[in-house]
Amino acid sequence: MNFFRKYRFPIIVGLFVLGALAYFSFSAGKGVERIPAGRYLLEAAGPVQRGISGVGQWFNSIWRHYFALVQAAEENDRLRRELAALKQRTVDHDELELANRRLKKLLEFKRNLDYPMVAAEVVGTDPSSQFKTVIINKGSSDGVLPLMPVVCARGAVGRIIWASPHYAKLLLLIDPNSGVDVIVQRSRARGVVEGAPGGELRLKYVIHTEDVQPGDKVVTSGAAGVYPKGVLVGTVSKVRQEEDGAFQRVEISPAVDFGRLEEVLVMLRRRQLDQ
Amino acid sequence: MRRDASRGPRALATLVLGFLLAVLGSTAFSWWALGPLRLEPLIVLVVSAGYRLPLVLGFVVVMFLGYLADLLSGGVMGLNLVIFSVIYVICQLARRKLDIASWPFQMLSVGVLSVLAHLLTAGGVTLTVPSYVPPANLPLLFLAQGLISALTAPLFFGLNEALVGLLARCWPSEYKAVP
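Residue numbers (the numbering used here), protein chains in the order written: chain S, 1 to 275; chain P, 276 to 454.
This list has only true hints and no planted wrong ones.
Covered by chain S, according to a simulated footprint, are these stretches of chain P (three or more residues, beta-carbon under 8 Å):
| # | region |
| --- | --- |
| 1 | 292-302 |
| 2 | 328-336 |
| 3 | 340-346 |
| 4 | 352-358 |
| 5 | 394-400 |
| 6 | 406-417 |
The set of hints was computed from the structure by calculation and includes no laboratory data.
Quantities reported herein were computed from a predicted structural model and do not represent experimental measurements.
We put the beta carbon where it would ideally sit given N, CA and C, even for glycine.
Using the sequences and the hints given, assemble the complete structure.
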């Protein structure tokens, strides 16, 4: 008893800090939250986030549509949507053409992209400057589960890392913890896209002999089992040949404007490798 | 040793305000962000808990705040839990010699500990993502973030104290026992 009294502070501190460290090391690399209490907390936070986001969007809408140029804003929105859809259609078309050249069946390719989807709204963004996640208003009761890929009209957005009944947390492509297996559409060079500081993407593990040029489109390879093949990830913005090392340094501008993410589509697709 | 009768209202105020500020941090505060720089009210609450709550109760409150921050931020669960625990322990040690009643010291504490929190976060990310290369301007970014946190610290300290005062009215017998 005297021992506990004498060393009360270090014992309590040690217990709590070790507990926190144990939880961190247990969670690291898993990317999926398994404690049920978290779901209830997110369920409690979600409606508040949704309410605040709704109020914010209402003010934003008033500002843009009544105090700013009414017609121009609407026209701009419509044109942006059309442009984004056309861009994705161009990418789809290029991908189909290349697939035909390699004697792939068009039907099989279309089936690859043909998944049931659920639309969701972004209700909260990451409060930290070092991480890139968002909360969406669809959860396990809508069929949304961890590891499901998320896209929008412009291209790949990220993947679900965990879900409560009505909300889910989405790890964006630009987060440093994110990694997607991709191919350069023109040359079929393969690599892994990871989040880089400043909201950019970095294409890694592309060896020196591969042909990668600025302007090349980068699409998902479908290899890692999370994303289907052919979803636009971004465009190569910079290629640098390193003096030493086996790989090229390739930077990618994301296809999606993550700063203006409002609505997304969750592909109700379980990871192929898990099945 | 006399127990601080305001610990109940203070713990509850920290929990309630922590929840509200965490939700605001993921919505309204991110709209007012200056580029990558954000308001960080949870650090203020952790510092406040470290200086003013008893060891075990404070740890429970800080663990809740860390878990909440992990839920709403980042892809690795437990990172904020560890960082908040470290900050809390530092404040518990510092309270033996110092007090944060004055706003300049509140700003100084929060500013320094905010920089430390970001350094630990970067360290945590480097541990979990070995290929992560921190940007060159990271130290400058952390200093700027620390400055913003320091400048806004008295506001969140004030909010917390106001809520403690409000909730203390629901604990009349205990709270009034404090001379």
